[in-house]
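Trainee: Starting from the structure of chain C, add chain H where the hints point.
Below, each chain spelled out in residue letters.
Protein chains: 2
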Amino acid sequence: MTRPYYSQEIHGPYDTYDLGDFELEQGGTIRGLKLAYATFGALSPKKDNAILFPSWYSGTSKILEQAYVGPGRALDPSKYFIILVNQIGNGLSSSPHNTPQPFNAARFPRVRIGDDVRAQHRLIVEKFGIEKLALVLGGSMGAQQTYDWAVRFPDAVARAAPIAGTAKGTAHNQLLVETFIEAIAGDPAWDGGWYADQAAVHRGLRRHARLFAASGFTQDLYNHDIWRKLGFSSRDDFVTGFVENHFLSHDPNNLILLLTKWRDNDLSRLGGGDLKTALARIKAKTFVIAIEEDVFFPPKDIAAEQKLTPNSELKTLSSLWGHLALFGVDPGYNERIDAYLKELLSAS
Amino acid sequence: MTRPYYSQEIHGPYDTYDLGDFELEQGGTIRGLKLAYATFGALSPKKDNAILFPSWYSGTSKILEQAYVGPGRALDPSKYFIILVNQIGNGLSSSPHNTPQPFNAARFPRVRIGDDVRAQHRLIVEKFGIEKLALVLGGSMGAQQTYDWAVRFPDAVARAAPIAGTAKGTAHNQLLVETFIEAIAGDPAWDGGWYADQAAVHRGLRRHARLFAASGFTQDLYNHDIWRKLGFSSRDDFVTGFVENHFLSHDPNNLILLLTKWRDNDLSRLGGGDLKTALARIKAKTFVIAIEEDVFFPPKDIAAEQKLTPNSELKTLSSLWGHLALFGVDPGYNERIDAYLKELLSAS
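Chains as they are written, first to last, in the UniProt record's numbering: chain C, 1 to 348; chain H, 1 to 348.
Just chain C, same shape as in the assembly (with noise of 0.2 Å):
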């Protein structure tokens, strides 16, 4: 049952890997679990160029190439090869909508992300025999996977860049993705996750959207028509013809399992339940990035983690976009963010 959006012709190319039965931290087995990535450059004869970037929440690795891979670019295909990862869930690697019954749908087994993390490693070692990573970045759910690489696997991180996320979710960002899954789950047309068609769900995804747009970007970006830059005619057209627009294209099942593993992640875990004892494991040079207006991933939940966090450093920007500037909208924040991860890729 592919959706006409999770495909070649809209994120490709993107190549997957098998890694066959892939059993879950929470236990249950994801069957023939597959991961979807691009690469772009060459991988250097000493394997020692490669760059690794997870996908965030409801992104694929299609805006992260849009985003952040290019010429001149800190990521640079000439200089390093950059594998993009799509996390499980995400609708290219292994979602609850693209596998067969009895496993699909609201029988989708819960994921970690320790789990994406262990199946991106498998597949750095398994398909290109890299031993370590020159850089493991991430924004936001793809910071949790950064921050949970350079822990389970410290010999294999050389540097880390968490952007806009934490290790562990605190209590007010846990409040704040539980209201994103209800605004979908509250939606009767969603039926426990059996909804015979997505469409169908589309007033669950429309509020959820709008609860994203309310919070995810800055109050100023509205209240100065800062979406105009895009093209938009009105607050409302922007909130419709953007938001509302981006989220109607995805699978409500595989949106909520997404939310739930953003909302569990606590890499304290790793730590015996400690978070500082989890964070100290961690070898690589690490740049921990925050945006100043972030309501998602506020700057001092970052700041509070980048202390914990060994041979570290904290950097910040500022966006009217505020967390969502992520998605490369912002002119000011490319520049800046590339700056940064030039800084951190000639560290030693």
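No lab work stands behind these hints, which were simulated from the structure alone.
There is no bait here: all hints are sound.
Identical copies carry no separate label here, and so any pair may be met within one copy or between two of them.
Once the Cα atoms are required to be at most 35 Å apart in a straight line, the calculated DSBU-like pairs of lysine-lysine come out as:
id : residue 1 : residue 2
1  : Lys276    : Lys229
2  : Lys168    : Lys132
3  : Lys132    : Lys276
4  : Lys342    : Lys132
5  : Lys300    : Lys229
6  : Lys300    : Lys315
7  : Lys168    : Lys300
8  : Lys342    : Lys307
9  : Lys315    : Lys276
10 : Lys47     : Lys127
11 : Lys283    : Lys47
12 : Lys47     : Lys132
13 : Lys315    : Lys47
14 : Lys342    : Lys168
15 : Lys62     : Lys46
16 : Lys62     : Lys315
Remember, it's a predicted structure, so these values are computed and weren't measured experimentally.
Mentor: Relative to chain C, chain H alone:
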């Protein structure tokens, strides 16, 4: 169809004033408009010690009394004649749920902040013979009414204190309020306002409560378990036991009427479309008060309006309870707001 919640037992004692048929700004008439109000203290022979305090969203005169009125407080009944007035639609004054058919429920006409203020002015003049109020103050939607009072009746307001609210809603504020409206109206049980029983709409009311909880308080309130001060045992215990519990008592049509009034508030209408022109009419000595952590009405937006307000000062205070510090739950807030109000009341 009186709800037990909207009763003298819970919110009294209060009186009601019947204004007869009352025509509204946007057209339509409320037949036999009743304003519910509670008074404390005695009106001086010169009638120069009266304070008017209109209610905020989902509040009544009872919470204003509990949080702000008492011996030694700024609003001290031994010094002042304090009139706590319930805004139209709050469940004690005329509202969708207590209006006889055919103008009940979904057919209750649209009300603006200016309608409330015109009705309150008649109460003050006709019932009490007061020509000039020593102070008009209010928080949130009460601040909207306070600004409207000072602009609409500049000679009737000696002092004004809009707290945590604006004279004109920002685009972001409107978007946020729309998510609150949709949280209720998106519940199929709401049925366009024609539900037979408000309890049937509990899913929408609960959803609305959780959106309110996620942005009304600060992130720190959740991240540092500040809610424990109210005796709750977990984050979810607090959100359900405090926030859902509050809104479950309310009539959904009443809440939607109030939210629509909140969203559409725009005092620039009194300045021919220009807010500066409207605010320039104010003659009152005004303290514009902002809560630093407020997400509903950010200090930046409040400060911008203060600059347009003649004879005004910007006063700020801080609370981990964010916007909802207005409720009186934070002793630190209560102390600061009293100090500001006493300073204002002693100004000539």
